[in-house]
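**Student:** Residue numbers (our numbering), protein chains in the order written: chain A, 1 to 337; chain B, 1 to 337; chain C, 1 to 337; chain D, 1 to 337.
The reader is advised that the hints may include incorrect statements.
If several chains are the same, the list does not tell them apart, and a pair holds so long as it fits within one copy or across any two.
Claimed, not checked - Listed next, the in silico DSS-like pairs over lysine-lysine satisfying Cα-Cα at most 25 Å (straight line):
no., residue 1, residue 2
1, Lys-6, Lys-70
2, Lys-27, Lys-6
3, Lys-261, Lys-70
4, Lys-321, Lys-6
5, Lys-261, Lys-6
6, Lys-321, Lys-261
7, Lys-143, Lys-6
Calculated from the structure, these hints are not laboratory results. Just so it is clear, the structure is predicted and the values come from calculations on it, not from any experiment.
Protein chains: 4
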Amino acid sequence: MIIVMKRSATDDNIDHAAQQVEKLGLKANVLRGAERTVIAAIGDERVEGVRSLESAPGVDEVMSVLAPYKLASREAHSTTSVVEAGSLSVGGNQIGMIAGPCGVESEEQLMTAARAVKAAGATALRGGAYKPRTSPYSFQGMKTEGLKLLAAAREETGLAIVTEVVAPEDVDLVGEYADVLQIGARNMQNYRLLEACGRSHRAVLLKRGASATLDEMLLAAEYILDGGNSKVMLCERGVRTFESHTRFTLPLATVPYLQEKTHLPVVIDPSHGTGHTSLVPAMCRAAIAAGADGLIVEVHPDPENAKSDGYQSLTCEAFEKVMAECRRVAAAVDRTL
Amino acid sequence: MIIVMKRSATDDNIDHAAQQVEKLGLKANVLRGAERTVIAAIGDERVEGVRSLESAPGVDEVMSVLAPYKLASREAHSTTSVVEAGSLSVGGNQIGMIAGPCGVESEEQLMTAARAVKAAGATALRGGAYKPRTSPYSFQGMKTEGLKLLAAAREETGLAIVTEVVAPEDVDLVGEYADVLQIGARNMQNYRLLEACGRSHRAVLLKRGASATLDEMLLAAEYILDGGNSKVMLCERGVRTFESHTRFTLPLATVPYLQEKTHLPVVIDPSHGTGHTSLVPAMCRAAIAAGADGLIVEVHPDPENAKSDGYQSLTCEAFEKVMAECRRVAAAVDRTL
Amino acid sequence: MIIVMKRSATDDNIDHAAQQVEKLGLKANVLRGAERTVIAAIGDERVEGVRSLESAPGVDEVMSVLAPYKLASREAHSTTSVVEAGSLSVGGNQIGMIAGPCGVESEEQLMTAARAVKAAGATALRGGAYKPRTSPYSFQGMKTEGLKLLAAAREETGLAIVTEVVAPEDVDLVGEYADVLQIGARNMQNYRLLEACGRSHRAVLLKRGASATLDEMLLAAEYILDGGNSKVMLCERGVRTFESHTRFTLPLATVPYLQEKTHLPVVIDPSHGTGHTSLVPAMCRAAIAAGADGLIVEVHPDPENAKSDGYQSLTCEAFEKVMAECRRVAAAVDRTL
Amino acid sequence: MIIVMKRSATDDNIDHAAQQVEKLGLKANVLRGAERTVIAAIGDERVEGVRSLESAPGVDEVMSVLAPYKLASREAHSTTSVVEAGSLSVGGNQIGMIAGPCGVESEEQLMTAARAVKAAGATALRGGAYKPRTSPYSFQGMKTEGLKLLAAAREETGLAIVTEVVAPEDVDLVGEYADVLQIGARNMQNYRLLEACGRSHRAVLLKRGASATLDEMLLAAEYILDGGNSKVMLCERGVRTFESHTRFTLPLATVPYLQEKTHLPVVIDPSHGTGHTSLVPAMCRAAIAAGADGLIVEVHPDPENAKSDGYQSLTCEAFEKVMAECRRVAAAVDRTL
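Go ahead and model the full structure; you've got the sequences and the hints to work with.
**Tutor:** Written out as structure tokens, the structure is:
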């Protein structure tokens, strides 16, 4: 940690700040420059109250040197972790392909989608039974009934089930039916939920919050890992920016960046990442070329009548075409799909 | 709702889209322009699946006309609602002033802060017993013990207690001790929590998510109102932008905008909104001049040793000075403090 | 254009707004809904003063229906335009690969880079002679001497020269030496410069401003096209967002979006788009998979001693490897490189 | 400057990085921690090529310690500079109030506005003769004729003239008629224009770019100061964020932040900062309460027929009311208006 003193800092200020650093259990190196003095604090800076040092007299800024996460870091585990959950494997040479409708709406809708994505080569089925919705007046999901339909779809197709869990009290129930617990973007910093997922034996797909930094996402993963669950996949689903031609801005540089910093595998969601069906195929191909370990894509048999997210869903036919394109790109980066 | 057709849309596409509109229970007016056809859909567009229309063939874009919230809207209640909770009143002529430490750390810390803010003229005491923290390794709050200290502080000072609740299962417990349930920025779209607060009889301070739109904040409030709790205050606490000299960017235009759109009172949080102690006084004054109904400010007896948020906390002495400044600005806009 | 009236709008307000619409030469269709009245204005809404309608009494909002650009639109030209400039071709089946140093620093530096990128398969050489720099104390470029070195590099390698022009008065001079005039992100809305490039016969590479919308970029292109120069390439180089692990956020969905809206070819700049050398190769591959028509990449023989942008430059060896990877991805999307 | 080495950095990497630091004329202090080594580079880090150090083997990150600007810094001049230009004074106890139409449209429009803002107490008249417009099809301003009308308005009212200059070749001409040269947000990094204004003897109002950091704005000011012109005012006019209920997001914390960092006076533009007339009055009051040295406000005699910016212009009557409100707030912060 580096403490930058103000130009106007007195010797007393500098001594005091150095003492505060030592009080935190770190070693203080005072370096006096022509314009500014800096204090380099050596030791594990991930201790309580470190940033409050900015309130000490004469201190201008406190800059971190160490990454704030540990278990999620690449140093903790030098090869990429492979997360396995039923038919789904993410992190190995084969790219995991999770596809299906935004929400479970009916047996027919779900089974049609499940059969189609299976036939096209998907390795897991997505579908929401609990839908966190911006408006209280929107479709909130089929809940337990939806979970049962998902389990029935697995029964028939063999596809692992990925479905969202929105509250800690639901983790056990959802875990009974699902292979992967999805934590949505709005819940990325719902710490009780993270802790509950940390106690589950189910794999977890953790989505990035719409304005979360990657450090914050890795710290959210750290909550799960620290709870004892090592089966965590990270999912980039786009961030909120000034751009409005897409619903969110999908930063694919997240893929190589995370691969440098963490051993957790990385999944891309081009459906939420763009918000428009017509932009999804290009982003599927690009994600694979960037090195993503998996994709999660919304597929609906009848998008224009979907209860949610129709505008960003592929039809079953379009998904089949996307799979064919993605297979070729995967081969070009020495991966399989 | 307006459906903009693509230039290339055929007559069949237009007919089909119009039929879809009618199927949703709306009346379709087809307007053919030189370059584009638009369909104006008349009726209550807040129905399920409306946006999925973008997937219909030949449709380019669907634009909303009506605000998506109802109970929170200014039309539902033409005067600003006054929320009362113990010594705190927000929404009337007097500006509510909520002050206190980020987290409850000890009896001494809390009581010192409580007495100081009371003496300076605050009308409520803030202090977190449950702390949602980015890192699992950070101080997570004193929990029940913290709640008890808060209640003791109310006992002595008479100040209403504002404290955060982070999970639906805690709402009853926190409500036993607190006068106002605070929903933090990270939980603004934790719908189970919103629903639980909707069933509570305690007043709620709802903070804006760091990248939530104001429509999304109003829809979050709608969940609480729709649950039966009308005592909702909205709190602007800054949004995440490219700016890094402040921790968040505090958009004070939120105040007049919300006053046009909703009857719910508006509170400003200049501590999180700037992230730096030295910027807080100016933003307190500005918030009042902009017409805010309340402020929530972090005050700590010893910021540089605070377990959290020291860098953005005022000392007790600084708070007293800020109060004096704010009283003058309040008078200049015909309010009291 | 759609004019949404306030709920409180009177009949007089509605009549007045409709008259204002007619005064602008548009036809007003008044549609009265249960909650709101909207006026659909039919005709070419790209007329002066249209948005000032929002100031008319009772008007809530004015929403555009038509794209504001014409010559740049896909409707104006249904196939993608191929821009040719010496050895460079962008927009056809072959992907244009523009590579070279950020700035021209010396004959040796430039020639080493030029020979290396030529050998690796680049189709054009980039290099700045005029450097717009954030600080007045930074290296400002070799100017005319730099232009001469670039021309000498073309002489030897046959590579087309892409170099930045920063002021209208330089357009002729730069055009004497260069094959492509690059307009940098900071100058995307320097209209005098756009107009001067519109009068040039040289091809133009127009970079997106760091917070420009795509409509604004297309309107900037429209200035050039409207001036008579049809040889315009658009370049996505990343936008400014809250993300700080990359210098800018590179939204590759720009590629399919622009391909829907415009006939102008699209080039991606993964160097500025990420700001870190280690992230560049993945973004090169992803850009090609997304369908980009060209890439512009910073390559420097000795990045750690570069006068500018060393942190995001590839070495000559790294570039050769990237080219090999990109060739495979290009083949997977039926393009050549 | 702090160089953070990667965990995997070898002793050779560390030695090499330290040598590179010394080569730049700085003194290298190598500090070995448990997890990471950092090199603190002491000396003036504002030298060429510093950031390219990130390309040296084993280097993870380079962090600046010193502000990149010098002449603009508060250290260079400990009291706020007062900029005087005819009737306008900005930076002293009196708040400068610049008001008038977005663009000069006619003699009648300008004179009506000029008389009204003068009567209401404005100390300068704004009005654009050269209009940088997003679309080539929009009103581009009356140019020289507009300048003449502005000079005539000064003749009659005595108000100093603030008007935009969009190109270096216009600086002399505009300076003949105007008292203050305005550099618009889109030109904040048009360095030729900054340099030309640096050579002028006219005062300059420099607007923040819509996605410029405050360091970038101060470096833009540095270009002007370094050119010999010390009469620079900084203007916050809102930044581009995900928020869409306002056209830009107006961060008033810019005021106290800049007052800490620079001696240049700070002006707020609530018209562009909000983009909606109804939000302007509250932001005028808030800006003054925050400590702004001046305001620049769009006022038009007939906003709904304005050729540009009608949606964010106050009528003459509304401006008079805003002035009365602002005077009271100014008094509450011990300023005059």
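**Student:** Now look at each hint and say whether the structure bears it out.
**Tutor:** To see whether the hints hold, each was checked on the structure:
1. Lys-6 - Lys-70: between (31 Å within a copy, 15 Å between copies)
2. Lys-27 - Lys-6: Both: 20 Å inside a copy, 20 Å across copies.
3. Lys-261 - Lys-70: Intra 10 Å, inter 36 Å, cutoff 25 Å: intra-copy only.
4. Lys-321 - Lys-6: Between copies, since 24 Å is at most 25 Å while 60 Å is not.
5. Lys-261 - Lys-6: For Lys-261 and Lys-6, only the inter-copy Cα distance (11 Å) is at most 25 Å; the intra-copy one is 32 Å.
6. Lys-321 - Lys-261: For Lys-321 and Lys-261, the Cα distance is within 25 Å only across copies (23 Å; inside one copy 33 Å).
7. Lys-143 - Lys-6: Neither way: Lys-143 and Lys-6 sit 56 Å apart in one copy and 37 Å across, limit 25 Å.
Checked against the numbered hints above, the structure breaks only hint 7 and satisfies the rest.
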